[in-house]
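Enquirer: Taking the hints into account, I'd like the entire structure generated from these sequences.
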Amino acid sequence: MSKETSNPQTWLTDHGDYLFRYAISRLRNDELAKDMVQETLLAAWRGWDNFAGKSSVRTWLVGILKHKITDHIRKEIRDRRLAEAVESDPTSAWFGADGKWLEAPRAWKENPEELCESEQFQQVLQGCIEKLPDKQQVVFQMRELTGEDTETICNEVEISPTHLHVLIHRARLALRSCLDHHWFGGTRSQ
Amino acid sequence: MKHFCKEASQLASDLFERNLTFVERLRLRMHLAICDMCRNYSSNLSLLNNIFSGTRDQAKEDETCLSDEDRKQIEIALDQAAHHHH
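Protein chains in written order, with numbering that gives the first Met the number 0: chain Y, 0 to 189; chain E, 0 to 85.
If you are wondering where the hints come from, they were derived from the structure by calculation, not from laboratory data.
Only true hints are included.
Derived BS3-like pairs: lysine-lysine, alpha-carbon spacing no greater than 27 Å straight-line:
1) Y:130 <-> Y:99
2) E:5 <-> Y:108
3) E:5 <-> Y:130
4) Y:99 <-> E:5
5) Y:65 <-> E:71
If you anchor each label on the Cβ, the simulated ranges turn out as follows:
6) Y:12 <-> E:20: 50 to 56 Å
7) Y:148 <-> E:80: 33 to 39 Å
8) Y:119 <-> E:35: 26 to 32 Å
9) E:78 <-> Y:148: 38 to 44 Å
10) Y:129 <-> E:20: 31 to 37 Å
11) E:78 <-> Y:73: 27 to 33 Å
12) E:45 <-> Y:62: 33 to 39 Å
One side of the interface only, derived from the structure: several residues of chain E facing chain Y at Cβ under 7 Å:
13) 5
14) 9
15) 12
16) 16
17) 36
18) 39
19) 40
20) 50
21) 53
22) 55
23) 69
24) 73
25) 77
26) 80
Here a beta-carbon is modelled for each residue, glycine too, at the ideal position from N, C-alpha and C.
Expert: Here it is as structure tokens:
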């Protein structure tokens with residue numbers, strides 16, 4: 000057995016913030032991230048006997064946390080019936096039957112660094128992301144906010160890479176249009 | 000004439016997700032050469048991509064921590080579980 004302590008309070012002190020940051024990066028929700036940390040520590044405490052001491056306690060805790068997060072995402076998808084792959088094809092909102100843009104994309108003349116730092120822009124961006132349909136929103140957040148790779152997302156959400164790419168594409172169409180209206184040209188008065 | 004914009008927009012997005020085949024790259028490039036709208040779309044996506052990767056880097060630098068209140072709540076939960084157990 001390793002010398003590591005089996006006291007969950009110590010785990011909280013030593014690894015709490017690390018676990019919390021990890022959870023936030025996946026879930027983008029403070030309250031939920033806190034709950035995940037709590038559940039992880041409880042599960043770890045119950046399962047202490049299974050800890051083989053082959054890895055560090057932190058690695059072991061992160062492993063448990065990952066499972067908790069994956070379970071949460073799966074459950075959320077089930078609850079919202081997102082697993083039913085068939086969303087109607089929303090690209091018809093952007094393209095005519097002839098395959099041409101209904102609303103021509105315009106050039107955006109802004110500097111990404113300035114936008115990153117603009118509180119106002121981040122709010123508009125967040126608002127646009129929240130308007131995405133559920134499943135698109137889940138995969139888009141994992142992809143763009145957390146920076147997960149295709150394989151990880153496909154495993155967690157249980158979809159094929161092709162399906163993932165279609166969802167991301169649809170999310171980008173919707174997001175681009177939303178930002179165009181609410182920031183780059185539309186209601187933002189000059 | 001059937002426009003290629005719908006397909007091109009998918010390819011422009013896929014550029015960030017996977018390696019396009021030679022034929023796909025060629026089709027996309029040829030279309031962008033003649034289509035302002037898709038060229039704009041494509042550069043809009045690049046801008047978004049830059050913004051997201053910039054935000055990710057910022058998030059890494061932020062030292063987010065559990066609040067004292069959260070920490071307290073977790074401590075209580077752990078305590079309760081321990082008492083329940085014994």
